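Peer 1: Letter by letter, the chains look like this.
Protein chains: 4
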Amino acid sequence: MKNYTHTTIPVRTLASGQILNIDVFRFEGDPSVPSAYIQSGMHGAELQGTAVIDFLIRFFTDHPPKGTVTLVPAANPYALNNKTGEYTQGRFDPTYGDNWNRLYWDALNNEDGIDIENLVKTIRSDAQNSIQKILRHELTRKLEQQLQKPLTEMGYGRKLALTLQRMAVEADSVLDLHCASHSVRHVYAPEYARQTVRYLNIPYVLFIPNLFAGAMDEAVFCPWWTLSQKLSVPCPVEAYTIELGNQEAYSAKDARGDAMGIINYLVHRGTCDPIKPKGRDSAESLFACRLQDYKTIYSPTGGLCEFSTVTGGIVPAQEPLAVILTKAGNEKISVALPYDCIPIVQYSSAALHQGVELLKVFSKWEVM
Amino acid sequence: MKNYTHTTIPVRTLASGQILNIDVFRFEGDPSVPSAYIQSGMHGAELQGTAVIDFLIRFFTDHPPKGTVTLVPAANPYALNNKTGEYTQGRFDPTYGDNWNRLYWDALNNEDGIDIENLVKTIRSDAQNSIQKILRHELTRKLEQQLQKPLTEMGYGRKLALTLQRMAVEADSVLDLHCASHSVRHVYAPEYARQTVRYLNIPYVLFIPNLFAGAMDEAVFCPWWTLSQKLSVPCPVEAYTIELGNQEAYSAKDARGDAMGIINYLVHRGTCDPIKPKGRDSAESLFACRLQDYKTIYSPTGGLCEFSTVTGGIVPAQEPLAVILTKAGNEKISVALPYDCIPIVQYSSAALHQGVELLKVFSKWEVM
Amino acid sequence: MKNYTHTTIPVRTLASGQILNIDVFRFEGDPSVPSAYIQSGMHGAELQGTAVIDFLIRFFTDHPPKGTVTLVPAANPYALNNKTGEYTQGRFDPTYGDNWNRLYWDALNNEDGIDIENLVKTIRSDAQNSIQKILRHELTRKLEQQLQKPLTEMGYGRKLALTLQRMAVEADSVLDLHCASHSVRHVYAPEYARQTVRYLNIPYVLFIPNLFAGAMDEAVFCPWWTLSQKLSVPCPVEAYTIELGNQEAYSAKDARGDAMGIINYLVHRGTCDPIKPKGRDSAESLFACRLQDYKTIYSPTGGLCEFSTVTGGIVPAQEPLAVILTKAGNEKISVALPYDCIPIVQYSSAALHQGVELLKVFSKWEVM
Amino acid sequence: MKNYTHTTIPVRTLASGQILNIDVFRFEGDPSVPSAYIQSGMHGAELQGTAVIDFLIRFFTDHPPKGTVTLVPAANPYALNNKTGEYTQGRFDPTYGDNWNRLYWDALNNEDGIDIENLVKTIRSDAQNSIQKILRHELTRKLEQQLQKPLTEMGYGRKLALTLQRMAVEADSVLDLHCASHSVRHVYAPEYARQTVRYLNIPYVLFIPNLFAGAMDEAVFCPWWTLSQKLSVPCPVEAYTIELGNQEAYSAKDARGDAMGIINYLVHRGTCDPIKPKGRDSAESLFACRLQDYKTIYSPTGGLCEFSTVTGGIVPAQEPLAVILTKAGNEKISVALPYDCIPIVQYSSAALHQGVELLKVFSKWEVM
Ligand SMILES: [Zn+2]
Ligand SMILES: [Zn+2]
Ligand SMILES: [Zn+2]
Ligand SMILES: [Zn+2]
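Residue numbers (my numbering), protein chains in the order written: chain A, 1 to 368; chain B, 369 to 736; chain C, 737 to 1104; chain D, 1105 to 1472.
Note that these hints are calculated values from the structure, not bench results.
Values in this document were obtained by computation on a predicted structure and should not be read as measured data.
Note that the Cβ used here is the ideal one computed from N, Cα and C, for glycine as well.
Among the hints, erroneous ones may be present.
Derived Cβ-Cβ restraints for the label pairs, each shown as a range [stated by the list, open to error]:
#1 A:K142 with C:P746: 49 to 57 Å
#2 C:M1104 with D:K1253: 26 to 34 Å
#3 B:R426 with A:E191: 55 to 63 Å
#4 C:L947 with B:R426: 47 to 55 Å
#5 B:R426 with A:D115: 55 to 63 Å
#6 D:P1313 with C:M1104: 41 to 49 Å
Make a model of the complete structure from these sequences and hints.
Peer 2: In structure tokens:
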């Protein structure tokens, strides 16, 4: 018997008059147990997360989670369907250029956001618990208000973001599954999650500060982090952006491994029962980099590029990361950095114009 | 005899190894007279501004300006060359989605910007004039520093913006010529330029506050505006974004009229001698709207759209602005607003998805 | 009461798993009366034809046709939904480049087509009427066979074309509604339809020979034309490609006029009763050009282009058709032809690369 | 000392007014020795061929060829520069959809082509040698005529093709280097080149008939093949399309191996001296497939696809080639064929719409 509900939410009427939907799978659990929300594919060509959620649907059917788990396997069908040649141009709105993952609602904005300072003051006498209830209630209420605005006041990307955020706001753990260009698996974690991030079993971690720049993870954790700091208590809600390797790639075999890390994390969070045989408890060693030390290396020229190193390995200062041939017959141009680095993401194609994002690297890191 | 210099600046080596350049035309004038910088086409398919600059090159050849005038007729050749079908996708970086006009350097940023407060304090004793000299010197010096960074630290759009800003920073008047979708001519002006904006002879004005959001005009005027406010003096530098009608359109005849407004403004600014026969001194009446009252109306559904009104006219509340047919045979959906408005920009195509920018309208305005 | 059926046919499962459909409206009529099939939008951004069919649905609801009329208002939803910037790239498959209107099945191909020569020989004794019945039966049967091939043997564009052709093959009149770039209304007619084409009330006519190049009109008329020639009888089936002005444009008001021409034609064909008050019987004078005299004029250089003439007017030899500015400050380049012409289609944007289709012109024509 | 000339040929003035060029490297050799022409990148994102030519330029500098060798490393800079997201949409004209490799001039067309039948008749008495001289002379002369047409009569793609064909027509061996989607290296060879194709050291061969479909190889060999058949002599001119693996990929290391196969072939043809130490003489065993047995397998549905097999291996009938997940939670759909096959090319992305080219396979082959 199916132990989940499968609903669809219409998200966009197309020029042809047809309506694109997102699918929502919900495993209803004990409301007193921490819940989770997992989505994938906000940028379209991020397929591995969909594979992971496909695995999780089957896994949770056999091993029902204790807490409620909500799964959105393809968060942005419009972006997924948008092809040029055989590739998917999914990362941004093809009409306006907006990055789909920069359109979430800022819960702490000055205009129609929540005044945490004030919230804390007003209810200083309340138990920490009830303040948290009030915060969630307020977040939910305000997102509902946003969603009730007339359609003429919301672009597609914004409305989609609000729709997803409305579901995510109910959860205690939020995992936003993405893929990057050619890349090694890595995760963006809030700085306060230094211990729990280990359980995801992803060895490359970017720690991000309490700063809203429009993304889902920030949209979820910023208000909770701010409240927790004011109350000097641990932050009860966690949100991560997980980058599951190469865009345009999809592997059911790898999805199993990716999903196992997520399940391991959910066990640790109390959303799932431990599984047997128990897997590796957590990543043995993490390479952790602060967001400010995550550097984009732009291509210094145009031409054909060959990477000299693989993602995930440590490259000493001055060692070539890539070699670029501007034209056949010309001398090749070597790209090296004055500092040691770990390449995390590489440009997807060997043909590149000057000034594109050749590499993203950890320029400093700690092993933890 | 040619009374100007024509230089080219390489801006991007392409994948093919060839280099795209921008052309710079410079009419050297009396350094004690206010200077001007005019560019066009930062978004690629903004052709009318190029036509205007083509006119100005010929006009200034016959009627040399008193002050130095620098002209960049096609600021972003990469964006101009980027075709899909017969149309130009020029508005944003086709690889990353960045709006080309959001990448300028913020002169007042906290990291490597100018501390105006401090500047004023330090040199309180100085004449206003010398403070202004120091500000311009500092802006120039810091832009030079930015441009001297290694190429691996600058994306194409950023480097292009810095290159243009470096030229604009020397001028007393900066005009950034753009086009929008189907639109009536309009101009973005800083609020302090209520009087001078009239001289441009463009009847629709958007007044913008002292706030940096990445655009050329803001990049130019924000530091000067801030300094002037601190010194309680009029702002000596002006910058405008001028929208010269429809993207993809180009008319030499209209360019003459557009250029005459610009020349009229430059006469008023002291950069050019009055021309004879003297044209209309300034726009007789302006429709002026504050940026916060400039509303984007999103398409509430997908389908085929027919606009019921033309840009530039006043539309009473509840009157249909557009009618959308989701599918042949369906009832049509009317789009109206609960308030009077003036439509300024309309979506370029009659086929649209839900949630695109159907219209941009003045929701409140004054006639001045 | 609705006097038509409205069905949907699934045509493509997208990457997101959702299915795009086409809508089919069918007004069932007397089977002994000539029938008609009208479709629009095979190239996506061809919106005026959809407006026309929307009008026809409402018109036929009030004035039921005598013969069966089948209407497909948006034949290619995939192409219609494919946006880059605000414009629609609809003309060809964004993955493979195939022109959507070159993928129909050639009824006379040597491999699995119909051998008309043989058909005529075998049944020489039959009445002309029964041969025609056999041809239609054969065409239908073979199209069914094509459609029953496994999906792994058919690309999307091919399957879509077969699906549409299967419906069109049953009709006596087939109208394929398109739009071109900036253009005057014009029609492609088979040479044998010199008289009937007048009834469409479209003043610019291109007469095409009995040659299959992949388009719907040719797919429909080639076998009938060939049979009629062999039997020396008038061709009973007619097919036209009608170009209803500018792509990306949509006007309900113009749609009324366009539809009236089509209704007038259907009255003449016997599919509809005459309407009252009777409209103009047929176009008073037509400008008719043979396909071989329809010339594409390529842009001799890149730059910004301004057309000097409007579509539909006669332009004398040597008179400039367009003026191109390669760069601001350069001499402009005039484009003229050594012969008189009538421009029919113009490039959609004023920014163009060398070697694009600047114009399509009648280089010779007769007035009829 | 440089033993080659390096010239550039302007091929397209862009909308920005700048001109794109192609580079031509020419190693002048003994005119009595067979010559070769090698180009790469007609489809833009075909980078490995450019790497191969870069290698050949350096190799021939050290080991001058005996016969003349002409190298064009990036035949279509416009296609190479055309990016959407990080990928290159190079395969077809982004404005018109034309496949860049279908625009060559058909030397045997009825309108302005060469009448081989007649040529043979007229000069029956001549030595075979002089007939060949006459053919080459005629081909050259007619291509010159084509190129001298006004620019208004030639689209960019056509003019580019003619420019390249004009150079290729002088050579005795023509190698057109391409890449496909995800693919194993393979070569298109004319059926008469059964023996010589071995020397290229590429194990997968497609034998194509004497039929012009617009491609460079056909444009070169069709007239020679036809003449040779009429004279019953071996065909003196050879032309191949070589597919050097994945589009968007570039490896200097692999380029060495690819180039060695080409050099081996040129040695066999007499254009180059044998190299020492001598490499493998020729491929040990080839999998050869006739063009008619080369099948495109279309995706039967849309969704996320995982290939179950690798390119180049034999897959038994009924064994899954790919598995498609239409939506998370759905049953997966297996794609298998009723016959044994060798997959040669796979779709580049794991996200696909119904009806795209999932695979190209050898459906029958001989090992030779
Ligand atoms: Zn992403
Ligand atoms: Zn602009
Ligand atoms: Zn069309
Ligand atoms: Zn190719």
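Peer 1: Enumerate the violated hints, using their earlier numbering and listing them in ascending order.
Peer 2: 1
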